[in-house]
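2 protein chains.
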Amino acid sequence: MKSFRIGLLGFGTVGSGVYRILEAQRAQICARLSEQTGTRIDLSIKRIFVRDINKYDESVRSLMTTDAQELIDDPEIDLICELIGGDTLALDLMHRALAADKHVVTANKMAIFTCQNSLADMARKKGKAFRYEASVMGVVPIIRVLKESLASDEVLELCAIINGSTNFILTKISEGASYEQAMEIAQQLGYLEADPSSDVDGYDAMYKLGILTQLSTGHFPSSTEIHRVGIGTITAEQIESARALGQKIKLVARLQRTDDRLLLSVQPEALTSEHPLYAIDGSLNAAALTMRYAGKLFLSGAGAGSYETATAVLGDILSIAAQG
Amino acid sequence: MKSFRIGLLGFGTVGSGVYRILEAQRAQICARLSEQTGTRIDLSIKRIFVRDINKYDESVRSLMTTDAQELIDDPEIDLICELIGGDTLALDLMHRALAADKHVVTANKMAIFTCQNSLADMARKKGKAFRYEASVMGVVPIIRVLKESLASDEVLELCAIINGSTNFILTKISEGASYEQAMEIAQQLGYLEADPSSDVDGYDAMYKLGILTQLSTGHFPSSTEIHRVGIGTITAEQIESARALGQKIKLVARLQRTDDRLLLSVQPEALTSEHPLYAIDGSLNAAALTMRYAGKLFLSGAGAGSYETATAVLGDILSIAAQG
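The listed protein sequences derive, respectively, from chains Z and S. Add 191 to a position in the first sequence, counting from 1, and you land on the number used in the working numbering. Add 191 to a position in the second sequence, counting from 1, and you land on the number used in the working numbering.
Keep in mind that a hint or two might mislead.
In this list, chains with the same sequence are indistinguishable; a pair is considered to hold if it fits within one copy or across any two.
Below, a list of computed lysine-lysine pairs in the DSS-like style, where the Cα atoms sit at most 30 Å apart [unchecked claim]:
| id | residue 1 | residue 2 |
| --- | --- | --- |
| 1 | K363 | K193 |
| 2 | K317 | K237 |
| 3 | K193 | K237 |
| 4 | K317 | K193 |
| 5 | K316 | K193 |
Derived by calculation from the structure, the hints in this document are not laboratory data. In this text the structure is predicted, and so the values were computed from the model without any measurement.
All chains, please: the whole structure from these sequences, using the hints.
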């Protein structure tokens, strides 16, 4: 029997989802892993770092610590799963985890963008895995698809809705809500960050497009290479006149490759009803890919949510555990 | 530097696609693999088994042999890629390849169904990889998604169009063609097998649903467990009256799990315009998944085609090469 121990950094929306799914599915997950690898594998969360233990349920407190270094120093922990968010402490802890020879899984697009994915280089040098499927498009396995399924192919165009919050807000406005009302509903449903500007001004989508661009072209773009316009400039009149033409305004992330040029943008676009992203409403995410050899591919699913995003995190963790 | 040599069985639609993509993309593919693994990897096709060498272009003949055993006995060959089809010779050669300690990649749903995926067990025992992404839904990475991305989750429902030929025929009939005309066009475009009954009677979709069922539930169903009705029973009047109601008739593969019951079917269904598969016309494939934790996920793309299917085969080959 082989043990595989996870150290969890953060116990918010996604972290608690990972914990609860593992709690409910651990027997099946371990059985599946054991069958895949031919070795009995016992996988579990050993320790959880949080800032304030008293905020949480009695049932999980025994696993919790306020000392993140404790997880990194623990020789029994094989993998650090970073779900704190932000690009300061999170980035520092991921570097320290790799330096301590642990695999790292994260959902943190901002940290990856900030370090231009230098974590991936560091992981390679250390011979450890660094995976971040949940950082882009929630349950939609766009990273695995680009990196593994389509590894022999070239992306010619990618056109995607990768920020569920703004898509939800625009959907609400097109249904008749004012901008302020739509923002309020989104905030109540937990679709917006405490500081909503990351979503509304297109930064969140920019981080994600940066990650997808590196996977598609090998080049990690800086923020100056991505033309970025948020949804704050859209007026109710524009949405109304788009609707009169049978169109919808969406915040679209776009990568286009023409010969040696690479065009990257995050901006509101009016889409006709024939467009594959036209029907993607609410907090859904979707990507339409045009590949040199594979042709067109379309993927959609929940772009956020506790359990939804947690399945993407767990997909990464289980892949690493299966490879030993 | 590490070499990774492929032995190709068959040089038909998909086999020649694999060869041509590798020819065009080999430098990029090897660079990508080397970057991923930190070791310089030189990947190439070493030998191709065909029945009649004279049928092929001079440029590839030097790689060809009519003796399949030669590939299996070659100690330099790491991986056998089976693209002959059928369940007699192909199945025998895959068994022999695994017995000879080679990885195996195939697109052969019929062979996997016939042996109830015993090749996967054999590969596990031998410590070799057995991958078959291209056997179901062409470019759509449904197998990787179920097996890896959603490994922590449970499929509650799967509803899919997984046979492009019959979908193409039904689309043509709904556009006004007769059944015979539609069959003829499909045959001319290479969408139908020499013996079209595998597509038309729903066997091809049944094989694929069998594979998806094992990935979703762990159980490989026999043909008696899948309720199967082909498209031959559909009349032009039924298609017309569906259209009058704003519906389309499609050959739908379905898996439904309710408590301890598993319902499996391949049959024509009339879909309303709200159904996620309604817009899937022509030879496209698509799957709508409902997961316990990840919620709804939708994937679509080309279900057939030389280059399209070849990218799925190559995705498997490159994953194996990257894992060494």
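Compare the structure with the hints numbered earlier in the document and write down the numbers of the violated ones, lowest to highest.
Of the numbered hints, just 1 does not hold.
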